[in-house]
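Visitor: In case you want the letters, here they are:
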Amino acid sequence: MSQYAALLLAIPLLAAFAMPLTGLIGKRIRNSWAIIAMLATVTAALLLVWEVLTQGTIVYAFGAFDSAQAIPFDSGGVPIRILFVIDAMSAFMILTAAIMMFAATLYSISSESEQTGQDGYYALLFLLMAGIFGMVSTGDLFNFFVFLEINSLAGAALAAYRIKGGVAVEGGLKYAFISTVAGLFFLIAVGMLYGQYNSLNIAYIASVIDFTGLSLVAVVLMIVSLAMKSGSVPMHFWTPDTYSSAPSSITALLIVSSMASLYAIFRIAFSLFGLTMNVVTIGWVIIILGILSMFIGVSMALPQKDVKRLMAYHSVSQIGYMLVGLGVGVAVLGDAQMLAQFGVVAMEGGIFHIINYALYKGLLFLIAGAVIYRCGTANLNDLGGLGHSMKWTMGFFIIAALAIAGIPPFNGFASKLMIYESVFIFNPFIAVIAMVVSIMTLASFVKVFHSMFMGPKLPQYETVKEVPMPMLIGMGLLAVLIILFGLFPDLVVNTLVEPAALALLDRSGYIASVMGGI
Amino acid sequence: MDFTATLFTGTGFWNPIIWILAFVITSIVAYLIWRSGVSTYQKGTEQVKPYLSGNAEPEKSAVHIGGGNLYWGFTEGLKGYYSRLVPLHTGDLNDYMLWYFGVIIAVFALVVIFL
Amino acid sequence: MIEQIPYLAVILIAGIGIATILLKKNLIKMIMGLAIIEGAANLFLIILGYREGGIAPIFTNAPGGEMVLPTVQAMTLTNIVIGFATTALLLAFAIIIYRKYGSVETNNIRRLRE
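Protein chains in written order, with the numbering used here: chain A, 1 to 518; chain B, 1001 to 1115; chain C, 2001 to 2114.
Calculated directly from the structure, the hints in this document are not laboratory data.
Treat the hints loosely; a few may be bogus.
What the hints assert, rightly or not - As a list, the in silico SDA-like pairs of lysine to any residue whose alpha-carbon atoms are at most 20 Å apart:
{"no.": "1", "chain 1": "C", "residue 1": "Lys2029", "chain 2": "B", "residue 2": "Asp1092"}
{"no.": "2", "chain 1": "A", "residue 1": "Lys164", "chain 2": "A", "residue 2": "Gly117"}
{"no.": "3", "chain 1": "A", "residue 1": "Lys305", "chain 2": "B", "residue 2": "Ser1027"}
Using the sequences plus the hints, can you model the full thing?
Guide: Here's what the structure looks like:
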């Protein structure tokens, strides 16, 4: 059995709980411990992704010598241990999370250097990462719920980290409340499925599922709760509040947390239920949520005055793109000819958009954090003329803003092209709305660029210089990846995205990897 | 790395390397056209100052439009849409929960009707 | 019908919790409503495992007969601990908000809006 799956979870947990001890010794020891643990986790994640892409799905049974012992001979074919089932889609999400963890931790070393309570900050950061890695690798529904809650609590506490006169605590409170309600209804849905099939394992339930009215209630509760956690309209109201009041590196990680909830929607729709549910209806529900998110997100972003709130509304809008892309995939799941013609491309576009979005949105939030770090304000009316002094930040901003608007040759264009072309065949209105939203995205980032970086040098920002080196390295890594993914999109699609899309569509392969082809 | 960096969607293709080459060639052509321009243009003289009906040009910081006001025309034109959308974002936690349960009921009704 | 009464109780308790979250403006009362919904979820999980006339799921010196399901009991314990941590965090947030804002009504903690 691959050991990297267990290391992926064990290293962040160990690092989180040992962080206060190293903090007692000294500040440099603690920062070095954070960097070492982060490098170890990222290495384990990359090795795990490499192993999955070369050898196929990995099944790791906790507490057993071998994954074949997951199904004992006297249990009647029911797996009884907690399993991590890491197929190509989970590996894709692990890669995304690992890249963001690297950039955000490096960034935090210097952006949080003046704050108090840094021991708690780094401990919670590693707990958040453990939660994200667990959420995307697990093959067990209740285990997913536990990691969801770890995620929510760590994320909420980190969002409220700098109290800032209570405003950040309000954002953290809303996030914690929303996540708890969503988690409780998710648990009720898991209970409904357990009561019918007497197992919590996704692969086992998928092999014996039969779509009754209770399963219908369960799937609706699960999808709506997870959609709320990922920030889709009309339940997106917490997103601007929390993302704007959290420290910027944490916002970048909260975005990965939303991506993990989005991954769970697709795991449930494709691998757990698959064709047993009414895919056209559920697919259209996801598409409608996606269209609303795209349009309302970007139209609320245009009149904003706070730069982080504006970027958070764009985050809502980009989630819409992924929901539309993968919703089209769900809706044509039953029709093999339409699936081959455009369904797989739509899914690939949606999945490719996940990693692109994490890269450029993370970079945008880190840039906003850099500007706030130097200038002390996030209000667009007060900022101006920073292009004279913060040249690297301005360069990274141009790259990220062009990427999010879908301008060639950056990576946003490649994934948006795949979504436009495939969704156009499905229903042309959706593609037209998506293109209009893309134009409005460009418009709002031109606004941000003009008001932050253009213009004369203002007298109150006379002493502003470039941000410290760790922040620049963190941002630079993301910018380099954006350019690379933009220049070689087919390499990324063929090695990372296409196996992920095919793994989602291959429901019987997922079941067979756990149940052993019974 | 061979030159087949072409992404094939089902109905089209996209090759960023060829796009960059085309962009560079077009930029070179545009630059050559620009260079053979008007020869009586001198920077730094009266030719480049804006004409404001004979008034003095105010200093730059007085005419810089701040961020929040840049798209006034757009938001003013779509006033009917924005006046209904923005008050929905109240910031009140009860309303957030109301939307959540409302969407559960709406999706449930949709799924049951179109079963 | 008499076997369905526990499920009706779950729906009733969850309904009371949902009504509390939607109708009450005080943050402490909303957190209480959240705890009520959590109680409903725990009750639902325990009821799923009940078998008529079943004994405790312990193998040592067990008299014969059917056992109630132990997995849901483990799930409920986990959920109780998660709920405890969540309630503690939310109440800590409520204390800080009261100190900084001066009020715990959701009408007044609205500085982040639109």
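Visitor: Please go over all the hints and tell whether each is borne out by the structure.
Guide: Tested hints:
{"no.": "1", "hint": "C:Lys2029 to B:Asp1092", "verdict": "15 Å, holds"}
{"no.": "2", "hint": "A:Lys164 to A:Gly117", "verdict": "14 Å, holds"}
{"no.": "3", "hint": "A:Lys305 to B:Ser1027", "verdict": "36 Å, violated"}
When held up to the earlier numbered hints, the structure conflicts with hint 3 and nothing else.
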